[in-house]
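Each chain, written out:
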Amino acid sequence: MSDMPLLRVNAVSKFYGSRIGCQNVSFELWPGEVLAVVGESGSGKTTLLDCLATRLAPSTGSVEYRMRDGQFRDLYRMSEAERRFLMRTDWGFVHQNPADGLRMTVSAGANVGERLMAVGDRHYGNIRAAAADWLGRVEIAADRIDDQPRAFSGGMRQRLQIARNLVTNPRLVFMDEPTGGLDVSVQARLLDLLRGLVSDLGLAAIVVTHDLAVARLLSHRMMVMKDGRIVETGLTDRVLDDPQAPYTQLLVSSILQV
Amino acid sequence: MTELATYNFAYLDEQTKRMIRRAILKAIAIPGYQVPFASREMPMPYGWGTGGVQVTAAIIGPNDTLKVIDQGADDTTNAVSIRAFFQKVSSVRVTTKTTEATIIQTRHRIPETALQTGQTLVYQVPIPEPLRFLEPRETETRKMHALEEYGLMHVKLYEDIARHGHIATTYAYPVKVEGRYVMDPSPTPKFDNPKMHRSPALQLFGAGREKRIYAIPPYTEVVSLDFEDHPFEIQTFSEPCALCGARGSYLDEVILDDKGGSMFVCSDTDFCEDRQSEGHQGHLSANPAQADTHAAGVEK
Numbered sequence: 599m600s601d602m603p604l605l606r607v608n609a610v611s612k613f614y615g616s617r618i619g620c621q622n623v624s625f626e627l628w629p630g631e632v633l634a635v636v637g638e639s640g641s642g643k644t645t646l647l648d649c650l651a652t653r654l655a656p657s658t659g660s661v662e663y664r665m666r667d668g669q670f671r672d673l674y675r676m677s678e679a680e681r682r683f684l685m686r687t688d689w690g691f692v693h694q695n696p697a698d699g700l701r702m703t704v705s706a707g708a709n710v711g712e713r714l715m716a717v718g719d720r721h722y723g724n725i726r727a728a729a730a731d732w733l734g735r736v737e738i739a740a741d742r743i744d745d746q747p748r749a750f751s752g753g754m755r756q757r758l759q760i761a762r763n764l765v766t767n768p769r770l771v772f773m774d775e776p777t778g779g780l781d782v783s784v785q786a787r788l789l790d791l792l793r794g795l796v797s798d799l800g801l802a803a804i805v806v807t808h809d810l811a812v813a814r815l816l817s818h819r820m821m822v823m824k825d826g827r828i829v830e831t832g833l834t835d836r837v838l839d840d841p842q843a844p845y846t847q848l849l850v851s852s853i854l855q856v
Numbered sequence: 091m092t093e094l095a096t097y098n099f100a101y102l103d104e105q106t107k108r109m110i111r112r113a114i115l116k117a118i119a120i121p122g123y124q125v126p127f128a129s130r131e132m133p134m135p136y137g138w139g140t141g142g143v144q145v146t147a148a149i150i151g152p153n154d155t156l157k158v159i160d161q162g163a164d165d166t167t168n169a170v171s172i173r174a175f176f177q178k179v180s181s182v183r184v185t186t187k188t189t190e191a192t193i194i195q196t197r198h199r200i201p202e203t204a205l206q207t208g209q210t211l212v213y214q215v216p217i218p219e220p221l222r223f224l225e226p227r228e229t230e231t232r233k234m235h236a237l238e239e240y241g242l243m244h245v246k247l248y249e250d251i252a253r254h255g256h257i258a259t260t261y262a263y264p265v266k267v268e269g270r271y272v273m274d275p276s277p278t279p280k281f282d283n284p285k286m287h288r289s290p291a292l293q294l295f296g297a298g299r300e301k302r303i304y305a306i307p308p309y310t311e312v313v314s315l316d317f318e319d320h321p322f323e324i325q326t327f328s329e330p331c332a333l334c335g336a337r338g339s340y341l342d343e344v345i346l347d348d349k350g351g352s353m354f355v356c357s358d359t360d361f362c363e364d365r366q367s368e369g370h371q372g373h374l375s376a377n378p379a380q381a382d383t384h385a386a387g388v389e390k
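Chain order of the listed sequences is A and B.
If you count by our numbering, then the first sequence holds residues 599 to 856, one letter each, in order.
If you count by our numbering, then the second sequence holds residues 91 to 390, one letter each, in order.
What the hints contain is simulated information worked out from the structure, not anything from laboratory work.
None of the hints are false.
Only some residues are given here: those of chain B computed to face chain A with a beta carbon under 10 Å:
1. 224
2. 225
3. 236
4. 251
5. 253
Not close to chain B: a few residues of chain A, all C-beta gaps over 10 Å, as computed:
6. 618
7. 626
8. 640
9. 662
10. 671
11. 698
12. 737
13. 750
14. 778
15. 782
16. 808
17. 844
18. 850
19. 851
20. 854
21. 855
Label pairs and their calculated CB-CB ranges:
22. A/721 - B/269: 11 to 21 Å
23. B/223 - A/799: 33 to 43 Å
24. A/767 - B/284: 37 to 47 Å
25. B/217 - A/676: 31 to 41 Å
26. B/152 - A/685: 53 to 63 Å
27. A/688 - B/206: 47 to 57 Å
28. A/787 - B/269: 44 to 54 Å
29. B/345 - A/741: 32 to 42 Å
30. B/329 - A/679: 48 to 58 Å
31. A/741 - B/137: 39 to 49 Å
32. B/326 - A/741: 32 to 42 Å
33. B/309 - A/787: 53 to 63 Å
34. B/187 - A/740: 49 to 59 Å
All values derive from a computational prediction rather than experimental measurement.
Where a beta carbon is used, it is the ideal one built from N, C-alpha and C, also for glycine.
Sequences are here, hints too, so could you generate the full structure?
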C-alpha cells in the first residue's frame with residue numbers, strides 16, 4: 599500500500615431542500631482498500647456514493663482524488679470532460695440493477711469492449727481478445743460473447759457488468775448493492791469472484807450494502823450510517839464483533855440466524 | 091402564372107428564410123455540427139423532404155438552376171413533386187443535368203458526375219443523429235458530441251463484425267468531419283461516402299421533422315469510421331449497368347418479370363442517359379446488336 603490516500607472526502611453534505619441526504623461525511627480511502635458503507639434503507643448510503651462518484655453534486659464539502667500522476671484533484675473543480683474520462687478509465691461503477699450499467703441491446707463482447715473503444719482502441723481483433731479474456735475471468739462461457747445480456751441470467755449480467763467496468767484496469771470501483779436481488783448460492787459465487795478480483799488487481803472499492811454478511815466478506819473497513827450521518831467507523835471485524843454505537847449494536851443483533 | 095402572386099418567392103416568408111440562413115451559416119462555420127432551427131410546416135408530410143425543401147427555399151435565387159433527385163432518379167414522385175413545387179413558387183429554371191444545376195436537392199444519393207465549385211448539394215435527412223439508435227437520450231448524445239465521446243459509434247461497427255464477419259452497415263454510414271464531429275451522411279449508400287471527402291461543392295443537410303441543419307463546406311475532410319483490421323470499403327458490383335454498360339457506378343436492381351428475372355441499372359438516371367446518348371450501351375439496351383460490340387470494345 600502507498601503512503602498516500604487515493605480518495606480524500608472532506609465534510610461532504612447533500613441536502614434535498616430541507617431534508618438531509620447525508621451530512622458532514624469525511625474519510626480517506628487508501629489504494630487497495632475495500633470500504634463498506636452499511637446502514638438501513640434511507641440512511642443516505644446511495645446519496646453518499648453518488649456524491650463520491652460524481653453522479654450527484656454535493657451541497658457542501660469536497661472530494662479529492664489522487665490522479666495517476668500523483669496529484670490530488672478536486673472532482674468538482676474538474677471540467678465535465680475530465681470527470682467523464684476519469685469515470686470510464688480509472689473508475690468503475692457497478693449498479694445494483696445490471697440493466698442500468700449495461701447496454702442491453704448490444705452483445706456481451708461489445709459491452710466489455712465499449713470502454714476500450716471509448717479510449718481510442720480501433721483494432722477489432724485486440725478488442726475482441728480483451729473482451730474474451732475478461733468474460734473468462736468472470737466465468738462467462740466463451741460461446742456467449744455474441745449474445746445480448748437480455749439472454750443472460752441475473753448473476754451472469756452482474757458478472758458481465760463487473761467485467762465491463764474492470765477492462766480498463768481502473769484503480770477505484772464503486773459498487774451499489776452488487777449482490778442485491780441474487781439468490782444466495784449465486785451471491786456466494788459472485789462474492790468469491792469479487793474478492794479474488796479485488797485482491798488480484800489491488801483495486802480500491804467502496805461498497806454500499808445493507809447486507810452485513812457481504813460487508814464482512816468483502817471489506818477491510820466499514821462505515822455505519824444512520825439518518826445521513828456516520829455513527830461508527832472501524833475495521834470490519836471489530837465493528838461487527840464489538841459494535842460500540844447503540845445503532846450498530848441494534849443492526850448487528852438484527853441479523854437473522856439460520 | 092397568375093397564382094404566383096399568392097406566394098412569396100420560394101414559398102417561405104423572408105423572416106423564415108433569414109432564420110434558416112443563419113442556421114446554415116452556423117452549420118458551415120462548425121462542419122458536421124447539428125444546428126437546431128425552427129422548422130416550418132411545409133405543404134408536404136414529414137419524411138418527404140421538408141428539411142431539404144426549407145434549405146433549398148432559403149438559398150435559392152432567381153438566377154439558380156435546380157435539379158432534384160430521389161434515389162438518384164429525376165423522374166420519381168418525390169423528385170417530380172419537389173421540382174414542380176419550386177417551379178410554381180419561385181419560377182426558377184430547372185434541369186435534370188447535373189452539370190447545369192447550381193443547386194441539387196437529393197434524397198439518398200450523390201450524383202455520379204463529380205460536383206464542381208459553386209454547386210450546392212442539399213440533402214433530405216430523416217434522422218440527423220448518428221448515435222440515436224445506440225443512445226436514445228438527446229440530452230446525452232448532445233453531451234457526447236460536445237465532449238467528443240464517440241466510442242459508442244464503434245460499438246455499432248463492432249456489433250456488425252461480430253454478427254456478420256464484416257461491417258454490414260451499407261447506408262447512413264457514419265463519418266467524422268474535419269477530425270471533430272461524427273455525422274450521419276443521411277441514408278446515402280456508403281458507396282457515396284468517398285465523394286463527400288474534399289468535395290468542391292457545398293453540402294447542406296436539412297432534417298425537417300428533427301429540426302436540425304448541418305453542413306460540410308467545400309474541401310472538408312470527411313472520413314468514414316472503421317477498424318484498423320476491418321477498413322472501410324464501398325460496395326462493388328459484379329456486372330455493368332444493363333443500359334449504359336457503366337462499371338463503377340451505383341446500380342439498382344430492377345425486377346423484369348415474375349420468374350426471377352432482373353437487371354442492374356445505374357441509379358443515377360442523368361448519368362446513365364448521358365452515357366447512352368454518347369453511344370455507350372449495355373446488354374439490355376434497345377439495340378442489342380450494337381451492345382455486343384460496345385461491351386467488347388468501348389468499355390475498357
